[in-house]
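Engineer: This is what each chain is made of:
There are 2 protein chains.
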Amino acid sequence: MPGSRVWYHAYSMAEYSIGVDLGGTNYRAASVDRNGNILERISGPTNSPAGREAIVNAIAGAILELRSRRAGEQLAGIGVALPGFIDIAKGYIHASPNVPPFQGFHARDALQDKLGAPVLLENDANAAALGEKWFGAGRDVDDLLLLTLGTGIGGGIICGGKVLHGFMGMAAELGHVTVDPTGNPCACGNIGCLEKHASATAVSGMARYLNLGENLTAEQVCGLAQAGSAPARRVFELMGWALGVGLANYVQIFNFPLYLLSGGVLPAWEFFAPAMLREVEQRSLTYRSTKTRIEKATLGSDAGLVGAACLPFHS
Amino acid sequence: MPGSRVWYHAYSMAEYSIGVDLGGTNYRAASVDRNGNILERISGPTNSPAGREAIVNAIAGAILELRSRRAGEQLAGIGVALPGFIDIAKGYIHASPNVPPFQGFHARDALQDKLGAPVLLENDANAAALGEKWFGAGRDVDDLLLLTLGTGIGGGIICGGKVLHGFMGMAAELGHVTVDPTGNPCACGNIGCLEKHASATAVSGMARYLNLGENLTAEQVCGLAQAGSAPARRVFELMGWALGVGLANYVQIFNFPLYLLSGGVLPAWEFFAPAMLREVEQRSLTYRSTKTRIEKATLGSDAGLVGAACLPFHS
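Residue numbers (my numbering), protein chains in the order written: chain A, 12 to 326; chain B, 12 to 326.
Calculated directly from the structure, the hints in this document are not laboratory data. Do not take every clue at face value.
Any copy, or any two copies together, can satisfy a pair, since identical chains are not distinguished.
[Unchecked claim] No more than 25 Å apart at the CA atoms, straight line, and that leaves these computed lysine-lysine pairs for DSS-like:
hint: 1; residue 1: Lys-125; residue 2: Lys-307
hint: 2; residue 1: Lys-302; residue 2: Lys-125
hint: 3; residue 1: Lys-302; residue 2: Lys-173
hint: 4; residue 1: Lys-101; residue 2: Lys-302
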């Protein structure tokens, strides 16, 4: 639609938003409509060694490119999801271990100045929880908790339709809670973190203990379980046990109607879910007394991208 | 108060509210002003064997008596705190193990009908958390978590100034979370509940294990610790350890600025707090990175009563 006609059809202009999911290795950007449908995508490497300015330029370039492809449409705003502890009100990143140049960075204002459009930041796991709440498995509830089982375990808590941030943006560190106080040591300083017993990394570690192989991925261990390997199945039983201890606690604490699991370990659901649900059932009176659902998330790796993109529609 | 004069002085009439804290053994009722000051008190036994009607009559009688003593003043409403799982919107009690006749009871409407005044219900631990938030140690924050260390361990979570109820009124079962997955068995079905490792009952149990005596109360074990008993001090170290594991998880999950402890075990603070804080410090990166406070609640056993009484002022 030619620019000269914009004012003329303003009331009927299509509205879209742009989201960025900035990870430690790659960034992904997409234009998204109000219903969470992805219109177009751009991705590229997150070049942390090149420094802050290079990363800002890369994602700003992707955003401008997506914008140029929707000339004549109304941009509602830009949402950026990234790993780390964020002061949402100030648009300031306290810490971001996976994107070190962004630590101590007023990223919102820097991007707004460069783009001339409103920018909102959100932690990536929180953005994924919002994505699932708005367009995924959580569409019918206002309260949910999402655990992302990947290299680590991330978490997001949606309470009354809003993200639970905590007073320093550090809430929902759901992978760094103790499930076994004498369990595996964690780089965070704790012993027995859920992440050290139920992440993809933990699955690989247990496969090594059981002599399945030195550097198997969780996906490969899942393949072995599918092929009937008893020790591979045992790995997922133990992983399910740890997840069950953690989830039972979350059910006891929140009494939410819905707890979602996503991430790279999800394809092994059939191998870990029975042990997980057995443990939750035994450990949580609330789970046994209510219609609490523990389910797979449905947006996959797009949850954070879509959640980020739709922040401007809900702010 | 003659009805004909009510409208005349309505704008300048002193306003008060009435609260009831209904426990398994006793009930306490009080008239309270808008600032949380207790004006008058009445208490009596909770006679559960006499049945639902007898309990309702007892607390309604206390409320009417308190009301009659403030003739000419404006009653804002009545708040009733009780142990159990409550559907606040419906004023319905799903379960109340400590006051069995109230299970499956539309208590709010029954009391409203009898008293001709608006009644609000709240879980007793949640009411205590509200009391501390409005008038106690939590006056300067909008988000806090309260643990009450008594015979069991109760909990209340205030998030954005409001109680976190959960979809069935069962949130904040903070005593029934796992701190040691192979720890002590609990009647709730779990193994290693915080309550079984850090309540007054757990203190008594550990004192028995350490041959301090068969039926010592937590208060007596505290007395022994004060007198220099090494095994009594060891009991509180172990209790502090369990509390630290649980609190570290809460800090990781909520990132609230304030966590409060209350209840009968609180006088032993000097004996359990060092182990507790050491454990939280080691296990919670969030605690180490922020100015998170773990402190004594200040309203003591009146927190629930005052919180209940002031529900009508904040509804």
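Engineer: None of the hints should be skipped; say for each whether it holds.
Structural biologist: To see whether the hints hold, each was checked on the structure:
no.: 1; hint: Lys-125 - Lys-307; verdict: neither (38 Å within a copy, 48 Å between copies)
no.: 2; hint: Lys-302 - Lys-125; verdict: neither (48 Å within a copy, 34 Å between copies)
no.: 3; hint: Lys-302 - Lys-173; verdict: both (22 Å within a copy, 24 Å between copies)
no.: 4; hint: Lys-101 - Lys-302; verdict: between (39 Å within a copy, 18 Å between copies)
Checked against the numbered hints above, the structure breaks hints 1 and 2 and satisfies the rest.
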